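S.K.: Residue strings, one per chain:
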Amino acid sequence: MTKLPKSHRIALLFNANKIFDREVISGIAAHLASTRASWDLFLEEDFRCRLPGIEHWHGDGIIADFDDPAVQAALSRSRIPVVAVGGSYENESNYPAGVPYVATDNYKLVKLAYDHLVEMGLRQFACFSLPEAQENRWAQERENAYRSLMRRDKIEPHIYRGHNTYAPAWDEAMEQQIKWLRSLPKPIGIIAVTDARARQLLQACLIAGIEVPEQVALIGIDNDPLCRILTRIPLSSVIQGAQEMGRTAAHLLDQMLNGARIGDTRILVPPAGINVLASSKHEAAKHPHVMRARHFIRQYACQGIKTGQVADYVGISRSSLESYFRQELGCSVHDEILRFKLDAATTMLARGDVGIADVALSCGFTSVQYMHAVFKRELGCTPRAYQDRTAGPGLVASLQTNGSDMAEPINSNLDVTDLCDDD
Amino acid sequence: MTTKPSTSSRPPVAARLYTLRNALDMRVTISERGAALVSWLAPDRYGRIADVLLGYTHAGSAPLFDGVQDGDNLVVLRLDGCTVSYQLIEDGSLVVEVDGAVPSDAGLPTYFNLNGGATDVGDHMLQIDADQYIEIDQSGELLGRANVGGSAFDFRQPAPIGPRLNWPDPQILRAGGFRHCYCVKAAGRKSGSLRQVARVYDPGSGRQLQVSTTESGLQFCSGSALDGVPGRRGQRHNSHDGLCLEASSGPDLLAGSAQASSRHTTVYRMGVQA
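Each protein sequence line maps, in turn, to chains A and B.
Just so we're aligned: the first sequence equals residues 1 to 423 in the numbering used here.
Just so we're aligned: the second sequence equals residues 1001 to 1274 in the numbering used here.
Quick caveat, the hints were computed from the structure, so don't treat them as lab data.
Because the structure is a prediction, the values reported are computed rather than measured.
Fair warning: there could be bad hints in the mix.
Unchecked claim - Not everything, but these chain A residues come out facing chain B in the computed CB check (under 7 Å): (1) 34; (2) 271; (3) 273; (4) 361.
Even glycine gets a Cβ: it sits at the ideal position worked out from N, Cα and C.
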């Protein structure tokens, strides 16, 4: 049976300039690579969505971002099968009628962020949202999720929507954010509705001299690598199940193209994980000098700072700072700086595709040899061995049972072309 | 039914419990009743300890094994030529070795819930390294191999369990969820070698379970059979309160190779993902 499958013409209507939409599309591609389905995909070359005339397009099916009200309106009378992708709604009536809908579970995204902040010891919480708009109803849904969690736990809510930012108003927006930050009780955990939003707030904290995460512990949503690079303190973030949403949407459309009637099937996808980094690693109160010193170290460890500079920043003598560190943390200032450098280095190495010399340079080690020595002393292995052990699919088992073959990693980074069905 | 007591020195109802420990603050409890795993206390991302096994009542009529504990981390249980050993090692691995045919009425399923039972396992992220699974009929009989590609059964990339239960799929509808055997033996691998075949991760607690086995199959149950089953504290479980990932010889049985391996090893490794 080697009949050539019928090719379908499928349009993907997304504004794929954001990590979330791109991941959804990559999930769709992963589905196609693993099935016999043959789709000719139609999407604009800049991956943005152009709606005019879509109703005259001769295609077989559409997967579209229904967070965009214009898309939803344009497709409401579509005669070809449509699968909607978007945010979940607390209120049932906000879902479009008669369309299968694959949603990111906004409540669970916020709950995961909140539970994490609670576990980090915080007792007061705020939400940094976006101005209300039809284009970001998901932000309001996340705000509502935050509000209902506060109600459930009888905690006073603090919500700030801020302004839409544009160049002439950047400074003013920042000032307003700082004003809001200063008005909040401390310490406080803040959930930002996106990483982009979290990044702005993190910047405001640094400019205002508010310690992160000692005074403000911050977490975003999206796990956007760009936002991580653009912040001086690594940003914690909730990872959406966007790829799974893409796979699900493609599967549903496939079913419809094969004649299945799935009506308004709705599938909510929970978060895929949480990336815990420095911005939310709040610890119970330490001496203010130690908190201030660690705040400085967190920002500048990888620029090769020395104990003297930290003491200058805190405004006390080197020896007093050292004694505070011994007392509160049981280590020297130098140890603490080194720990941050080591953390940064192991994080880089775990990503796999970096050279050892680059890692040493960007993590503030004076030489490759020195980094090598620190690794041997602290981790008992060389940077190269560390990289070999951790890089890749992240599923490497190191089982030490006798008499059997060693476990081997699951091949989770399969090239999509390897997933094609064999006949 | 083999319910005869294996020693005459004590009444048949008295099942002793054995507790294994390691330096990661883990405690694993095994019962002589069915040589079953009854509890596994393990820390989460924040160091909080919880039981990651479902505490459903193990009373039942499973036969009684005779156990011997050797130090803090090894227990060996025997019954009628069947030996089951559990070894807890320092990296969080529990090595389960079975030698000899397990009496058919033993072998109680082990249900995991990595968040300690706070919620069901719908949000657990599952990954299974298998291109094929075995379809079943109404009564659970094995029908034949099917490709996972593009279906709800495709867990080659990590995916949450809950949403997959809602995919329109006749096999899932028929079984009320997942209770299917995955073919986890990679082509060209010699049989009997231990390899990692699955991973479960709970985003909330950060706990992660990796499963390795020497068997050709891995039975994945999403817990649809749990509805109404009494739990440890007398409460009734709901569907999907726990999940099962057990080594199985399903693919060999399907292929008609009668030589059910008499000796196999499964390793459950519990840990946390930052």
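S.K.: Evaluate each hint against the coordinates.
M.R.: Each hint tested on the structure:
1. A least Cβ separation of about 4 Å between residue 34 of chain A and chain B falls short of the 7 Å threshold, and the interface hint therefore holds.
2. Given hint, residue 271 of chain A at the interface with chain B, holds; its Cβ is 6 Å from that chain's nearest Cβ, closer than 7 Å.
3. Against a cut-off of 7 Å between C-beta atoms, the interface hint on residue 273 of chain A holds, since the closest Cβ of chain B lies about 5 Å away.
4. The criterion of a C-beta within 7 Å of any C-beta in chain B is not met by residue 361 of chain A, whose closest approach is roughly 25 Å, and the hint is violated.
In this structure, only the earlier hint numbered 4 is contradicted, and the remaining ones agree with it.
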